[in-house]
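Please build the complex by placing chain B on the supplied structure of chain A, with the hints as guidance.
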Amino acid sequence: MEFLSYLISGISLGSVYAIIALGYTMVYGIAKMLNFAHGDVIMVGGYISFCAMSYLDLPWPIAVLLAMLVCTVLGVVIEGLAYKPLRQATSLAVLITAIGVSYFLQNAALLIFGATPKVYTPIISGTLKLFGGQLSISYVSLVTIAACIVIMIALTLFTDKTKMGKAMRACSEDKGAAQLMGINVNGTISLTFAIGSALAAVAGVLLCSSYPTLMNTTGSMPGIKAFTAAVFGGIGSIPGAFLGGILLGIIESLAKAYISTQLANSIVFGVLIVILLVRPAGLLGKYVPEKV
Amino acid sequence: MLNKIKNLKSTTKVDFATYFGVIVAFIVITILMNQGMLKRAHVGMLVPICSYITMAVALNLVVGISGELSLGHAGFMSIGAFTGVIAAMSLTSAIPSEPIRLAVAMVVAAVCSGAAGAVIGIPVLRLRGDYLAIVTLAFGEIIKELMNCLIVGHDSEGLHIIFNYNGSKSVEDLHMLTDGAVIVKGAQGTVNVDTISTFAAGFVLVMVTLVIVLNLVRSRSGRAILACRDNRIAAESVGINVTSYKMMAFVTSAALAGAAGALYGLNFSSMQATKFDFNQSILVLVFVVLGGLGNIWGSIIAATVLYILPEALREVADLRMLVYAIVLIVVMLATNSPAVKNVLSKILPKRRKEMD
Numbered sequence: 000m001e002f003l004s005y006l007i008s009g010i011s012l013g014s015v016y017a018i019i020a021l022g023y024t025m026v027y028g029i030a031k032m033l034n035f036a037h038g039d040v041i042m043v044g045g046y047i048s049f050c051a052m053s054y055l056d057l058p059w060p061i062a063v064l065l066a067m068l069v070c071t072v073l074g075v076v077i078e079g080l081a082y083k084p085l086r087q088a089t090s091l092a093v094l095i096t097a098i099g100v101s102y103f104l105q106n107a108a109l110l111i112f113g114a115t116p117k118v119y120t121p122i123i124s125g126t127l128k129l130f131g132g133q134l135s136i137s138y139v140s141l142v143t144i145a146a147c148i149v150i151m152i153a154l155t156l157f158t159d160k161t162k163m164g165k166a167m168r169a170c171s172e173d174k175g176a177a178q179l180m181g182i183n184v185n186g187t188i189s190l191t192f193a194i195g196s197a198l199a200a201v202a203g204v205l206l207c208s209s210y211p212t213l214m215n216t217t218g219s220m221p222g223i224k225a226f227t228a229a230v231f232g233g234i235g236s237i238p239g240a241f242l243g244g245i246l247l248g249i250i251e252s253l254a255k256a257y258i259s260t261q262l263a264n265s266i267v268f269g270v271l272i273v274i275l276l277v278r279p280a281g282l283l284g285k286y287v288p289e290k291v
Numbered sequence: 000m001l002n003k004i005k006n007l008k009s010t011t012k013v014d015f016a017t018y019f020g021v022i023v024a025f026i027v028i029t030i031l032m033n034q035g036m037l038k039r040a041h042v043g044m045l046v047p048i049c050s051y052i053t054m055a056v057a058l059n060l061v062v063g064i065s066g067e068l069s070l071g072h073a074g075f076m077s078i079g080a081f082t083g084v085i086a087a088m089s090l091t092s093a094i095p096s097e098p099i100r101l102a103v104a105m106v107v108a109a110v111c112s113g114a115a116g117a118v119i120g121i122p123v124l125r126l127r128g129d130y131l132a133i134v135t136l137a138f139g140e141i142i143k144e145l146m147n148c149l150i151v152g153h154d155s156e157g158l159h160i161i162f163n164y165n166g167s168k169s170v171e172d173l174h175m176l177t178d179g180a181v182i183v184k185g186a187q188g189t190v191n192v193d194t195i196s197t198f199a200a201g202f203v204l205v206m207v208t209l210v211i212v213l214n215l216v217r218s219r220s221g222r223a224i225l226a227c228r229d230n231r232i233a234a235e236s237v238g239i240n241v242t243s244y245k246m247m248a249f250v251t252s253a254a255l256a257g258a259a260g261a262l263y264g265l266n267f268s269s270m271q272a273t274k275f276d277f278n279q280s281i282l283v284l285v286f287v288v289l290g291g292l293g294n295i296w297g298s299i300i301a302a303t304v305l306y307i308l309p310e311a312l313r314e315v316a317d318l319r320m321l322v323y324a325i326v327l328i329v330v331m332l333a334t335n336s337p338a339v340k341n342v343l344s345k346i347l348p349k350r351r352k353e354m355d
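First to last, the sequence lines map onto chains A and B. Reading the first sequence from the start, the letters are residues 0 to 291 in numbering that gives the first Met the number 0. Reading the second sequence from the start, the letters are residues 0 to 355 in numbering that gives the first Met the number 0.
The following block holds chain A by itself, in its conformation from the complex (with noise of 0.2 angstroms):
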């Protein structure tokens, strides 16, 4: 029973990352770019919606409607502003623009909210008992688990069915080709971190109702994490980030239930490690061989 709970926590937990990832793994895939300020807009979608609902009294539903609002624009700006010109740059340059966006969406929430942590209401309370009280789960994990593989649904038929869908997978394929078939790339690109911005503010919710201290940093590590997961399932791969981002956040719950809770996060890294040496490109990321 114990087992079982620290299971579905893990699972819980997961959905988060998996969420997250998604929006890493979908920039990777298309723009070929390490986005290490997608943690950070996490923390701007946590900080949105604990405004919207301690300070303007609003109800949760609209509340993370706006904070998925505010960080689908903040997405698009930070791309138009600081990726769309370094698009022919070197992956280091994009990669340190990224972490300088990083440090200022950071700073400017620490400038804002202060160094003091805000206390995150949860958006659901109450927990769930079964099997007479032995099995005990918070509505925030079903909740959190149930958004992700609502999310994980859309995406997935968004990606195959639609028209845009499709322009996105062509772009991340072949940039070139893509633009003679009449793609407009840049356009791709945008709706691309339009997307995972939003994803990005839903995980700052579900992530700041599970564990509420809100502060500036509050982002960087499930952001970390959650790039792991993307690694971890083959990055550029939408069933890949869901599927890492689950195994990650079990692991990580069982480690630290079971073997030490100071090294819950060496051994999420020891897996990534073992996993990306038995198969480099991910568990199922496609390896590409190299032409000559």
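Each hint should be verified, as a subset may be incorrect.
Mimicking EDC-like on lysine to aspartate or glutamate, the simulated pairs with C-alpha atoms at most 20 angstroms apart in a straight line are [claimed, not checked]:
id	chain 1	residue 1	chain 2	residue 2
1	A	K31	B	D129
2	A	K255	B	E144
3	A	K255	A	E172
Simulated from the structure, these hints should not be mistaken for lab results.
Same frame as chain A, but now just chain B:
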């Protein structure tokens, strides 16, 4: 004499200019320090600057010259810092002379972190590109957590080390004799360290690093490393053992980072393992990229300027990291965006010639 200098290769000239610049900077700062013209706060920054310069040059060897992105170099600095502090503290009675003890500590740190670099390098260097980057990130985080669990003490019987992996052990479990002293106290990090690092030692470390890195780069092995960076497949096809050359660069870099860590660790009376986190790795990477990949003197200048910049902005304390972030973004955009480059080439006639 002048003719001799003129006939040198351009790379050799740059190398000599680099050595010369570092020596001149050292002499000027020492004179200023002796004249009492530097504030206490500025003097305190000298040793960390030396240590960051060494880190930046070491990381440049991996990222710029070997062409592999490492996001976990703070881990090697951490290993160096802790082994260096442990070595220096436990040799206090054996080696009374502080400079020699510092040198021994740095050598021990370099050896330990070079060994760690070899162990990590074997799996890591088989991967490519972003996957390699993420695995170095993972190793950096693992090292941080392992160091956080370390409890070390020293008494007349020798070193006592326990690994506090589940948080249940404390200093009492070391079972030390009454003359013992705790060196590393788990998550609290190092305690009561003799701060034996000096600016002169930092200068020597920077010079040694420069000699090692510049000579490595200009040697036959260095050319092989550059060849692997520029075209792995072509290098392999002419018989260069890519993995072993990449390994050479990685281990050298790790060892130098370890020595820099020892210098850094012995400059503060206490230091936590969490100091050497992902952000620290990124900080050094920013030095390397802004200084120019593969450009050693660029790393030195970038490390110095970017270390001083946030401190100099302390007057606008709340805004300083924000300004730092904006500077970072603007510099990256200015140096890499084609639109900005075009504007620059119109303003500066020299640049246009280069572009043609």
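Compare the distance between the alpha carbons of K255 (chain A) and E172 (chain A) with 20 angstroms, and conclude whether the hinted pair is satisfied. Not satisfied, since the Cα-Cα distance of roughly 39 angstroms exceeds 20 angstroms.
CA of K255 (chain A) to CA of E144 (chain B), is that 20 angstroms or under? holds (13 angstroms)
When you check the alpha-carbon spacing of K31 (chain A) and D129 (chain B), does it fall within 20 angstroms? holds (10 angstroms)
Hint compliance for this structure: hint 3 alone is broken.
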